[in-house]
Every structure is written in structure tokens, then in C-alpha cells.
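Chemist: These are the residues of each chain, in order.
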Amino acid sequence: MADFLPQGGTEAARLVMQEARAGSATGLILIGIEGAPVTDLARISVAVAASLREADLFSVVAGGQAALADTDQADLFARRYLLAPAEFDTPSLRRGLEGLLRQLRSSTAPLAIQFGLADPPGAFLALIRTWIGTSQVRTIDGAWFAPDTDRALLLARTRAGGMDVPAQETATAVIEAAFRAANPGPARLLVAGPAVFARDAARAIKGDVHRIAIVSTTLVVLLLWWRFRSPLVIAAIAAPVVFSVAVAVVAVQAAYGTVHGVALGFGATMLGVSVDYPVLMIGHRKRGEPAAATRARIGPAFILAVITATLGLAAMVLSGFPGLAQLGVFAAVGLATAAAATWWLLPRLVVAANLAPVAAGNPAWLLRVERLRQGRLLGLLPVLAAAGWLGAIGGPAWEGDLANLSPVPAASRALDAELRGALGAPDVGQILILRGRDPEAVLVAQEALLPLLDSLRNEGVIAGAEFATRLLPSAAVQSARIAALPDPLTLAARLEQARDGLPFRPGAFQPFLDAVAASRGMAPLRPADLAGSPIAARLDPLLFQRDGAWQGPVVLAGVSDPARLAAALAGHRGVVYVDMRAELGGILSGYTARAWRWLGWSGLAVLLVLAIGLRDPMRVMRVLGAVGAALLVTVAALTAAGVRLSLIHLVALQLVAGVGLDYALFFTRRQLDAEERARTLRTLVTCNGMTLLTFGLLAACQTPLLRDIGVTVAAGALLAMAFSFLFAGQAPSEDLA
Amino acid sequence: MAGLAIVPERRATFQETRRFAALDQPLISTGHLLYRRPSYLAKTTDWPQPESLVVDGGRLVLTEGNAPPRVLDLGGIPELRTLVDAIRGPLAGDLTALRRAFTVTATGDAGGWILDLMPLDARAARLLQRAQVSGRETEVTTVRLVQANGDEQQMKIRPLS
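Going down the list, the sequences are from chains W and B. Take 2 as the starting number for the first sequence in this note's numbering and just add one per residue. Take 13 as the starting number for the second sequence in this note's numbering and just add one per residue.
To be clear, the hints were calculated from the coordinates, so they are not data collected in a lab. Owing to the predicted nature of the structure, the values given are computational and were not obtained by experimental measurement. Note that the Cβ used here is the ideal one computed from N, Cα and C, for glycine as well. Each hint should be verified, as a subset may be incorrect.
Derived DEER-like restraints, expressed as beta-carbon distance ranges [to be verified]: (1) W:Leu490 - B:Pro171: 49 to 57 Å; (2) W:Ala485 - B:Gln37: 28 to 36 Å; (3) W:Arg54 - B:Gln37: 47 to 55 Å; (4) W:Thr40 - B:Gly120: 32 to 40 Å; (5) W:Ala477 - B:Arg31: 39 to 47 Å; (6) B:Asp128 - W:Ala477: 40 to 48 Å; (7) W:Ala477 - B:Asn78: 35 to 43 Å; (8) B:Ala137 - W:Pro148: 25 to 33 Å.
Which chain B residues face chain W? A few, computed with CB under 7 Å, are given here [unchecked claim]: (9) Ala34; (10) Leu35; (11) Asp36; (12) Gln37; (13) Leu39; (14) Gln61; (15) Leu65; (16) Asp68; (17) Gly70; (18) Leu74; (19) Glu76; (20) Asp85; (21) Leu139.
Let's have the full structure, built from the sequences with the hints guiding it.
Modeler: If you want it as C-alpha cells, here you go:
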């Protein structure tokens, strides 16, 4: 899905999109197992974790073992005086010993014996606390469980990036296979995470595209069969459409390198619009008439319709939103090609096979229908009501949250949030990004920020923060700590003083003295030394190389006052504060504004083309009035249904305008006899039916983006048909025939 | 042993003596115990250092003095779970549960019995070498825990009422 997202203009925006595309958080897979007795769930979870560890696709598989493995714990323990701060003066040591004695009296005595005698300053305890994090899981029979439901939890991170869809397909397939192999019985597997979303979205789009392509083609063919009763006519109509889809795919491929699944899905429904052209041509032909004559009769309306529809799509192309631009190019090229093929190719086919519709029908039927136009002023009522209501509520509601534009269904996002909360896995919302030449530079920069972060936490501006230097301080800090360690004799003397009057035996703290002496000879631990260890898996997402620079995000939790935070950071050079949601919203509104601007220009261009083509202000007004009425009532209906309008709806409305112009232009043709008017009405009803069928199907898609387009266009096309019939056509009293 | 399982609730006082290799004198404390079937155990130390330790199912809540309570997940800390099981298991009279965590050796008769418990979990065994629970009839009278390093903790239990 990532290639469907925009690049972003500002540095922060670029970082946000980069993070969304390839950030290490994107490889995270959250797994839940539920629906069976707890002991079964634990057994399944342990078995799944074991198979996943064997699969070697994952850099981390966590689901039940203690927060830190023994070897990790030993590593951290050995380096405790490098990695965590500690005081070695006599009063501090005395406080440490007193604390230790208290602990020996308490229920935590075993821990005091295990770690405390070797570490009276308590450096290791502080270190462990930073490594353990904020998970709320409980452990049952060696498996993690959610805090308040019987759901086993596992966490895995793929080695491949989250947007590497084939790799994610493999990873999730392995998870599902591991689950089935664990003899799950009635238990259910839940999987969430950005990587799973990417896969699900790709899968849903693929499924949608297949279904739509097949079903909508079938329905359109059935409709055409009902209308024309001739396989030859259907073949002739199919020719320009198939040709136009092929050309559109090639054009998008040439322009963008790849054709996105969404563009293809959308393209399949563009059939519903581009198929109008051959239908209009054949539908208007009189039996035995030379094709050129038909073309001459409908020519002006046909050409105007094609030009205005294609112009309308320009706004989509020029919005700059990459996915939409692809859709726009696809649609514009497809429409223009279908029109051109209809204009130059179809007449030959039509004449060769002598194709024409069945009889135009009984004129009495037509007159009855056209009599509806006598009351067309009543048609203004819904338009005025829509305008009045929209005005009263201050215009339609706008969607500012890019998340709601994502192709991920809301239910999946809710599951992700739930599992994430239980596991304490960070949800990247607000982060500070620091960069440097090498890891050390990044760590030093983070350390410079420490006092500020502490004071922000004390003021309650943030609840907490997770970042690399808390886990692994810079080599500079570690060296300083090593240099500050007292020599063995001094330390032994101080300890002796501190011990005075306490019941500790003389040799009790030998492990501590040994550890400090050993630490004096250690070299600082650097990120590179950790490569491949389980500790590295924890550190990697917080310190990584990208685009030649090293980055160290500070992941903030519980930001209560973003404005204060931004102000506090203003003085710090090189620190970029990124509020992912606000940033994404900003990116989105930028694109929406741009799309509006281009929509304005293309509207003007359409007006100009209509003025030149129709040469009659009254008819221009009637055509535009019909289309405008359809758009207005569609927007009002969507808003009334609780829909928040987005860029996607804007695009869909352009399509409605294009389709509506088709209808209005054909209805507004002058000096037609009853037979021709009947042909026009029947043909346009056929066109409208095809649009409703294809876009109506789109409305049943799983992909929210396609669904929004489907609903908007289907509703808009129906309204456009009604208003074009009422407003653009001539009233019976004006009939000159 | 099975007789223990009949008693739904027990209240008792205890005196605990801890001997550490690192200390040149034992640490003594006193307090009271409350056990409720099947898995609730509260150990309240009154002197010299107030502390409350409540285990309910898999959750352990430890409150030292006036400090805020700390909640620990027993499942995540096998060492601690074994320590708790060594005390709670005999009180519950659930031999099956005890056998899941320990090698159990029982000696004596109803008038005076001893359960020797050796932890099965390797990580737990590094901390707790063995536990010895003795009692008579349906009462537990002594729990003795021996750490791997030889440190020892002995709790004498006197039932209330």
C-alpha cells in the first residue's frame, strides 16, 4: 500500500512517510490466540513460538519467557557500571547497604542475595527497569496472556520490512501453519500489525479487483444483451473498451513504472463510464443509416462530452497525491482512448455488421415520460433543500485523518490497537527524530536531550519516552563512568566504613569489589558489539541507519500538551518533532487543497469548452445546472449519511461531473424528432444502468477507498441522470418538432 | 496430606528466622498468615519491618511499609512462583499441584509428617535448593526453605483459634 501514499514535502513529512513505508515498527506482528481453555491456549502459544523461532524469518519472537533471557541478563549484569549510573562515595554506599539489609528482611530477599551483594548501589536494578518496559501481560504456563481476557499473546518482528508484501505473505503463512500444527482445536488465531495490514490490503484489493472485473463485466454484458439482443453489438461495444483498458494500463505503466492494484480495480470500473461511448454511438444509429451520419448527428454532443469528462479528470492527475494521480491518468487515458476508438474504429464495425438497436419504441411512451418535465421546477426542491441544509450546518464535514483513508478496514485497526495496548508495544504516534553521522553521534545527541525530557516528564507534558541511550549510553558516557570508578583499595576502604555497625560479614561484598575492578578494565559497549544478540533486537528499532545517516527516534508516550512540547524543543537544533497524526493530517489537507485548486481550474476549462461548443448561454447554464444539482445533492446525501468527505470523495465527484455532463449534453441537443429523443433516452438509461452496476459493485468492496468511490459515483450518477433529464432536456411545450 | 484440603480458611501467626551467609547474625521477624482456598495467601509481617505479601492465583502484590504496592506476575518469575508454591501447596493440600513443581518425598504419619520438596524448574533450583514442610494432623507447623547458596529461612507457624 505504501507506494500509494504520498512522498511528503517537508522534512518531517518525508520522515513520517519513510517510517510508514519501511520503519522498523512496520515489521511487527502481533498475535493473539483465544477461544479455548487457558491451559490449551498456553500450550498452543508455546508451540507456535517454538515453530516461529525455528523458521528464521523473524528477528524477534516473544511470548512467554522472562523479559530478559539468562544470557542477556548476564551480559547486562557484567556491564552494569557502564550502562547505568551509580554512586561510589561512602554515604551512598552506606545507603545502599542499609537498603540491602531491609531487602533481606523482606520477601524479595532471594533477589537481594542473587544481585544485591554484588551490586549495593543498585545499578543493575535500574538497568533492568529500563529494559523491561511497559507490558501489562500476565504469564500462565510459560505463555503471555492479555491482562483481562483469556487471550494468549505473542509478538514477532519479521526480518523483512513491513511493506515487503511477498515476504509478509510468507511470514503470515508460516504463522498460520505453526498455529495449525499446534493442534489448536476450537482456538482462534488473531494476527495484526502493519505488516499484516499490508498483506491484507493487498489481498483484499486483489480479491476486490478480481470480483469486480468478473461480476461487473457479466452484468454489463447482460444489460447490453437485454438492450440490443445481439452478440455482434456487444462485441462491437467491447472492442473500444478492451482497447482503452489496455492502453490505459500501458500509459500508467509508462508513467509510473508499476500499475497499482487500486488503480487497476478502479480501471475495471471505468468500464462503466467508457462503455458509454460505443453504446451512445450504436444506440443512436437508425437502422440502415450510414455510420458517418450517426456520427454527424451526435458528434457535437459526443465530442463535448469526451473533452469535458477528460478535463474533469485532470484535477485528479494534478492533485499530486501519487495513488490518485495514477487513477486519474488511468481514467483519462481510458476515456480518451475509448472515445477515439468509438469515433474512428466503431463506425466500420457497425457498417460491416449492420448493427443498430432494436426499434426505438412507441412515441406515446416517450411523450408520457417527457411529460414529467412539466413539473421540473419541483426538481429544484431537493437542490434548494440540499443547499439550504448544507449552508445551515456550515458545509459538509471533512476528513482530516489519513488513517481513515488507509485501505485497512477499521476492525483490523481496532484489533491492532487492542493487542498493542496489552503487549505494551509502542504505537508510533509522536516521536522526536535525531540524526547523526554514526551511532555515537546520535546517542550523544540524545543524552544532551535527557535533562529536557526529564523536566517535561516532571511537568506532565509527556508521560514517558523510549529511546536508545536509555538502553545503551554513548561510548563517551560509558568512558566517563569507567573513569569515575574508584580504585580497588579506595573502594574497599569506603565499603569498610559503610559497613560499620551493620551485620554484614567482612567478605560479603567481594563480588561487588571484583565487579568494579573488572569494569575499570572494560571498553565501552557499542551498538556494533551487540549485533545479532537478543539485546540488539530491542535496540535496533531505536537506533538504525537509513539513507546514509544514523537515526535515533525518541518515542514519546502520553503527550498531553503538544504545543508546549514543540516550544520546549524549539531551541534544540537537529531535533525534529514529528506528530505522526498531525503530520499525516497536514499532508492530506495539502493535497486536498491542491486538488480543490485544480478542480477550480478544470471547472473553468469545462465552462469554456461548453461555451464554445454550445454557443448558447441558456443551454450552458442548463447543462451546468443539471450537473451542479447532482453534485450538490450527492454531497448533501453523503453528509446526511454521516460520511466525512475526503480527497477520495472529491475525486469521485469529478467522475460524477464527467458522467453527468455526458447525460446533460445528450439531452440538450436541439431540434430532435420524437424518435431520436426516444433513442437518446433509451441509450442514456442504458449508460446510466451500466454506471450504476459497476460503481454499485465497487460500493460492496472491502477496500474502503474503492468503496467510497463506488458509493459516491453510483449515487451521483443516478442523480445526474434525473437532473439532466429534468433540466437539460427541453420541456414538451418548447418542443419544436 | 489429603486432610489439609478440607480446611477452607486458616489463620495463623508466624515467626520467621532467616540465616544468610553474608550476615553474622540471623534476621527474625513476626507476623500473621491468612490462607483461603484455593489459592489466596496473605503473609503480613508486623515486626520489625511491616510488609504485606498477598498472592491470589497468579498475581502477587507486595507492599513494603508505606511504599506503593508492587504487582508481580508469578508466571513470569518461575523462581518466585516456586517459593510461593512451596508454602501455598501444602496449605492447599493439593499434592498433584505440588508434584508439578517439585519432586515430593513424604515421611512420617498423621501425628507428625514431613514433606521434602525439590524444585523441578532449573532456574528455580538455582534459588531454592529445597523446601521442607512439616506438620501434624491438618496443621502445617514449620516451613523451611534452603537456598542454593546455603542461606536458610525457617517459618514457624502457630494456628489461631
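Chemist: Confirm or reject each hint.
Modeler: Taking the hints in turn, this is what the structure says about them:
no., hint, result
1, W:Leu490 - B:Pro171: 49 to 57 Å, "55 Å, holds"
2, W:Ala485 - B:Gln37: 28 to 36 Å, "35 Å, holds"
3, W:Arg54 - B:Gln37: 47 to 55 Å, "48 Å, holds"
4, W:Thr40 - B:Gly120: 32 to 40 Å, "33 Å, holds"
5, W:Ala477 - B:Arg31: 39 to 47 Å, "45 Å, holds"
6, B:Asp128 - W:Ala477: 40 to 48 Å, "55 Å, violated"
7, W:Ala477 - B:Asn78: 35 to 43 Å, "40 Å, holds"
8, B:Ala137 - W:Pro148: 25 to 33 Å, "30 Å, holds"
9, Ala34, "4 Å, holds"
10, Leu35, "5 Å, holds"
11, Asp36, "5 Å, holds"
12, Gln37, "5 Å, holds"
13, Leu39, "5 Å, holds"
14, Gln61, "5 Å, holds"
15, Leu65, "5 Å, holds"
16, Asp68, "12 Å, violated"
17, Gly70, "6 Å, holds"
18, Leu74, "6 Å, holds"
19, Glu76, "6 Å, holds"
20, Asp85, "5 Å, holds"
21, Leu139, "5 Å, holds"
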